[in-house]
Amino acid sequence: MAAEAARIAGEARDVGAVVTFAGICRGDGGRLAALELEYYPGMAEAEIGRIVEEAKARWPLSGVGVIHRYGRLEPGDNIVLVVTASSHRGDAFAAAEFLMDYLKTRAPFWKKEHLADRAGGWVEAAERDDVAVKRWSAAAAGRR
Amino acid sequence: MKILYFAWVRERTGRAEEELAPPASVTTVAELMDWLKARGPEYEFAFADAAAIRAAIDLTHVKHDAPISGAREIAFFPPMTGG
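Quick mapping for you: the protein sequence lines, in order, are chains A and B. Take the first sequence: its position 74, counted from the start at 1, is 73 in numbering that gives the first Met the number 0, and no numbers get skipped. Take the second sequence: its position 43, counted from the start at 1, is 42 in numbering that gives the first Met the number 0, and no numbers get skipped.
If the Cβ cut is set under 7 Å, some of the chain A residues that face chain B in the computed set are: (1) Tyr-39; (2) Gly-41; (3) Met-42; (4) Ala-45; (5) Val-79; (6) Met-99; (7) Leu-102; (8) Lys-103; (9) Pro-107; (10) Phe-108; (11) Lys-110; (12) Ala-124.
Below are the DSS-like pairs computed for lysine-lysine, each with C-alpha atoms no more than 27 Å apart in a straight line: (13) B:Lys-62 <-> A:Lys-133; (14) B:Lys-1 <-> B:Lys-36; (15) A:Lys-111 <-> B:Lys-36; (16) A:Lys-111 <-> A:Lys-133; (17) B:Lys-62 <-> B:Lys-36; (18) A:Lys-55 <-> B:Lys-62; (19) A:Lys-133 <-> A:Lys-55; (20) B:Lys-62 <-> A:Lys-111; (21) B:Lys-1 <-> A:Lys-111; (22) B:Lys-1 <-> B:Lys-62.
Hints were generated in silico from the structure; no laboratory data involved. Since the model is a prediction, treat every value here as computed from it, not as a measurement. We treat Cβ as the ideally placed atom computed from N, Cα and C, and that holds for glycine.
Could you put together the complete structure from these sequences and hints?
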């Protein structure tokens with residue numbers, strides 16, 4: 000993670016702020032044995048690319064990086080990494096939140112839980128994520 | 000056109016993808032879902048709640064009223080849980 004952040008920040012000029020977010024597989028106190036992430040090859044890359052371009056259009060970013068893993072993950076493993084670099088921290092923080100809100104609702108990945116003691120199931124999309132992503136539409140409208 | 004299914008939509012239809020040729024009367028994503036439902040009980044089960052299904056045409060999210068003409072690849076899946 001530190002290496003990725005350094006690479007993204009190092010490629011740019013005038014970097015005053017680097018924000019790094021890591022989404023990690025939670026163990027839920029031993030309940031979860033593993034998480035299986037299914038994804039849509041082709042669309043995942045395209046959608047992540049679109050989300051990154053949208054972030055670059057909204058904020059002055061010197062660098063952006065998104066890494067999203069798929070397949071079998073265990074508690075403690077990184078699932079997603081978002082790095083944003085900018086001259087000022089406000090833009091770096093906002094862009095990182097924006098990227099995560101959009102990744103949560105638009106990136107074609109689906110999590111299936113494998114529990115420690117019984118069969119698991121597909122994780123359901125959280126309403127709070129749909130609520131969170133809507134604020135960026137309102138914010139964009141407010142700026143015009 | 001290639002139809003792809005993901006997550007529990009894939010589990011319910013029993014397949015990850017297939018090559019299909021819907022009739023010309025099927026012009027939108029919603030109409031395609033109705034046409035797929037008629038193909039068998041597993042499809043009926045997968046598409047029972049249309050509001051719960053998301054769609055993408057040629058790697059781009061679309062609404063259910065989107066036209067399907069010219070589409071090379073249409074995917075159906077539940078709301079996403081990445082990130």
